[in-house]
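Using the sequences and the hints, build the whole thing.
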Amino acid sequence: MWPNARTSVMGGEQAAKVLRLVREGQAGTSMYDDEREAFERPIRDDYEAKGTPVHAAARLWVDAVIAPDETRNWLTLGLALARSTPKKCTQFGVFRM
4 MWPNARTSVM GGEQAAKVLR LVREGQAGTS MYDDEREAFE RPIRDDYEAK
54 GTPVHAAARL WVDAVIAPDE TRNWLTLGLA LARSTPKKCT QFGVFRM
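Take the position in the sequence shown, starting the count at 1, then add 3; the result is the number in my numbering.
Please keep in mind that the hints were generated in silico from the structure rather than gathered at the bench. A hint or two may mislead.
What the hints assert, rightly or not - Calculated cross-link-like contacts (lysine to any residue; reagent style SDA-like; alpha-carbon spacing at most 25 angstroms):
1) 53 to 64
2) 91 to 78
3) 90 to 76
4) 53 to 17
5) 20 to 31
6) 53 to 26
7) 20 to 40
8) 53 to 69
9) 53 to 9
10) 20 to 53
11) 53 to 67
12) 53 to 5
13) 20 to 7
14) 91 to 79
15) 20 to 39
16) 20 to 54
Next up, the structure:
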C-alpha cells in the first residue's frame with residue numbers, strides 16, 4: 004500500500020453527510036448549522052485518522068506500506084514467489100472472507 008492511499012470506502016466528508024441525512028430522516032427534522040458541524044466533525048476526524056495506510060498496517064490489514072518507486076520490486080518478488088511455490092492438490096473449494 005502506498006503512503007498516500009486511503010482505505011475508506013468513501014471520504015470522511017461524504018460519510019458524515021450521509022450519516023447526518025440518515026439521522027435527520029429518522030428524526031423527521033433538519034439540523035441547524037451548528038448542530039450539523041457538531042455531528043459531522045467527529046465522523047470526519049475519525050475517517051481521516053482511520054483511513055490511513057499506517058492505521059491499516061498497525062492492524063495487519065496490509066502487508067507493508069511502500070514507496071511508489073518500490074512497487075515494481077515488490078511485484079517482481081511476489082510473482083517470483085508465486086511461481087516457485089509448489090502446487091498442492093486440495094479437496095476443498097475457495098474460502099471466502
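Consistency of the hints with the structure:
Annotation: proposed proximity of residue 53 to residue 64 holds, straight-line Cα distance about 12 angstroms (limit 25 angstroms). In summary, the hint linking residue 91 to residue 78 is supported, as the alpha carbons are separated by about 23 angstroms, within the 25 angstroms threshold. A C-alpha spacing of about 24 angstroms is found between residue 90 and residue 76, which places the hinted pair at or below 25 angstroms, so the restraint holds. For the given pair, residue 53 sits about 15 angstroms from residue 17 by alpha-carbon distance, which is consistent with the 25 angstroms threshold.
Between residue 20 and residue 31 the alpha-carbon distance is near 16 angstroms, which keeps this suggested pair within the 25 angstroms criterion. Distance restraint check for residue 53 and residue 26: the Cα-Cα separation of roughly 22 angstroms lies within the 25 angstroms cut-off, and the hinted pair is therefore satisfied. Proposed proximity of residue 20 and residue 40 is supported: the alpha carbons are some 10 angstroms apart, at most 25 angstroms. The hinted pair formed by residue 53 and residue 69 meets the criterion: a straight-line CA distance of about 18 angstroms does not exceed 25 angstroms.
Restraint check: the Cα-Cα separation between residue 53 and residue 9 comes to about 9 angstroms, which is no more than 25 angstroms; the hinted pair holds. Among the hinted pairs, residue 20 with residue 53 is consistent with the structure: their alpha-carbon atoms are about 18 angstroms apart, no more than 25 angstroms. Note on residue 53 and residue 67: the hinted pairing holds, with a Cα-Cα distance of about 16 angstroms set against a maximum of 25 angstroms. Proximity of residue 53 to residue 5 is assessed by CA-CA distance (about 15 angstroms); at most 25 angstroms being required, the pair is judged to hold.
Our distance criterion of 25 angstroms between C-alpha atoms is met by residue 20 and residue 7, whose separation comes to about 24 angstroms. The hinted pair formed by residue 91 and residue 79 meets the criterion: a straight-line CA distance of about 22 angstroms does not exceed 25 angstroms. In summary, the hint linking residue 20 to residue 39 is supported, as the alpha carbons are separated by about 9 angstroms, within the 25 angstroms threshold. Distance hint between residue 20 and residue 54 is fulfilled; the C-alpha atoms sit about 17 angstroms from each other, no more than 25 angstroms.
In the structure shown, no violation is registered for any of the earlier numbered hints.
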